[in-house]
Amino acid sequence: MNISKQIVDDFVANDISFVTTVPCKQLGGVIEEVEARPEIYHIPSNKEDEGMGLCAGAFMGGKRPAIIMQNTAIGVTINTLVTLTQFYRMPLPMLISYRGELKEPVACQAEMAVHTKALLAQLSIPTYHFHKKEDAQELDAILKYTFMCNKPVAILTDATFWGGY
Amino acid sequence: MIRSDILREIAPILRDQLVVCNIGLPSQELHMIDDNAANFYMLGTMGLSSSIGLGLALAQPKTVIAIDGDGSVLTNFGTLPTIANNVADNFILLIIDNGSYGSTGDQPTYAGKRTSLAAVAKACGCENVIECQAAETGKILREAIDSGKMTVIVSKCESGNIKVPVITMDPVVIRDRFMKAVAG
Ligand SMILES: [Mg+2]
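Here the protein sequences line up with chains A and B, keeping their order. Each residue of the first sequence is one higher than the one before, counting from 30 in our numbering. Each residue of the second sequence is one higher than the one before, counting from 511 in our numbering.
Just chain A, with the same shape it has in the complex (with noise of 0.2 Å):
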């Protein structure tokens, strides 16, 4: 079955029904699939601490949320991740693309590759890494244990788990 599609069945499996994007190449397929689901309220945001304020409204509203964005907003989003989403306690399943690992043609995306894990790490967020196919088979499992610990929750996803550039 088509990766993308697996995904965003999880995500309606475990009733997430408003889903913040900001775009990427390599999570194209995902947010289109997002796009297209009568389930899901798709809202782009034009900058992830922008989209954790959506997704932290609409978890008080009721919904579950999920956000969608590359690693890089790891840098963008330190101080909101703190002071909203773990100081209040809101879970949110964070899925990334992970630039700058194996495969990446564009050099400065490893910059930021480098710290992204000692950043989550730092940061105490629980942190699963996708790099083979079958890696996403635990995607249910991930999401039901964001949503029991109220948590922040990271699924790096790299260029060799989707197929390379």
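I should point out that these hints are in silico values taken from the structure, not numbers from a laboratory. Some clues are possibly wrong.
Over 12 Å on every C-beta distance to chain A, these chain B residues come out as not near it, computed from the model [stated by the list, open to error]: (1) A521; (2) G565; (3) G615; (4) P618; (5) G622; (6) R624; (7) T625; (8) G658; (9) V676.
Covered stretches of chain B (chain A as the covering partner; in silico rule of three or more C-beta atoms under 8 Å from a C-beta of chain A) [stated by the list, open to error]: (10) 581-592; (11) 596-603.
Distance windows between CB atoms, simulated [stated by the list, open to error]: (12) B:Y620 - A:P52: 21 to 31 Å; (13) B:I672 - A:N108: 24 to 34 Å; (14) A:N108 - B:D545: 34 to 44 Å; (15) A:H160 - B:D526: 48 to 58 Å; (16) B:P571 - A:M177: 45 to 55 Å; (17) A:G192 - B:G615: 45 to 55 Å.
Note that beta-carbon positions come from the ideal geometry of N, C-alpha and C, so glycine has one too.
Could you slot chain B with the ligand onto chain A? The hints should help.
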């Protein structure tokens, strides 16, 4: 009139609505004037009041008023196109524009100089944008609630602060009681 005068005047209107209140002095003032479970106080994260408010309005049917400041809107300008393109008719963004960063000591903002937030909101595609003077805020807010149309209000007031205690309530308590008010 300064921000706290506006908040005092509109408190009876806010009381029946879900309110998301901006970080710093606005939240501290609202908390002092009329603390209740339907107020969500931001204790950090400057700029996201309008985003939290929009997310909340899109997720459920009750009216949501996001109280924001000129400085906070300037720091999260991307919010205005998102609001304009995701119309929630139960959403009101009330920008209290005192032309300064009040919570940090009244340093001037560009909104107090050449930049018109109402003009920016309109340029971003927001349809119902009203700029008013501080004293009219209550009347305009009431009309916006009754209109059932998404509205952005820019209330121009003087800069200045009153002495207020910080909010010591635990954020999880703020969030929990707010969610019960949302669901109730
Ligand atoms: Mg101000």
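Okay, the hints, checked on the actual structure:
no.: 1; hint: A521; verdict: holds (21 Å)
no.: 2; hint: G565; verdict: violated (3 Å)
no.: 3; hint: G615; verdict: holds (20 Å)
no.: 4; hint: P618; verdict: holds (24 Å)
no.: 5; hint: G622; verdict: holds (23 Å)
no.: 6; hint: R624; verdict: holds (23 Å)
no.: 7; hint: T625; verdict: holds (18 Å)
no.: 8; hint: G658; verdict: holds (18 Å)
no.: 9; hint: V676; verdict: holds (15 Å)
no.: 10; hint: 581-592; verdict: holds (count 5)
no.: 11; hint: 596-603; verdict: violated (count 1)
no.: 12; hint: B:Y620 - A:P52: 21 to 31 Å; verdict: holds (28 Å)
no.: 13; hint: B:I672 - A:N108: 24 to 34 Å; verdict: holds (27 Å)
no.: 14; hint: A:N108 - B:D545: 34 to 44 Å; verdict: violated (26 Å)
no.: 15; hint: A:H160 - B:D526: 48 to 58 Å; verdict: holds (52 Å)
no.: 16; hint: B:P571 - A:M177: 45 to 55 Å; verdict: violated (28 Å)
no.: 17; hint: A:G192 - B:G615: 45 to 55 Å; verdict: holds (53 Å)
The structure fails to meet hints 2, 11, 14 and 16 from the earlier list, while all remaining hints are met.
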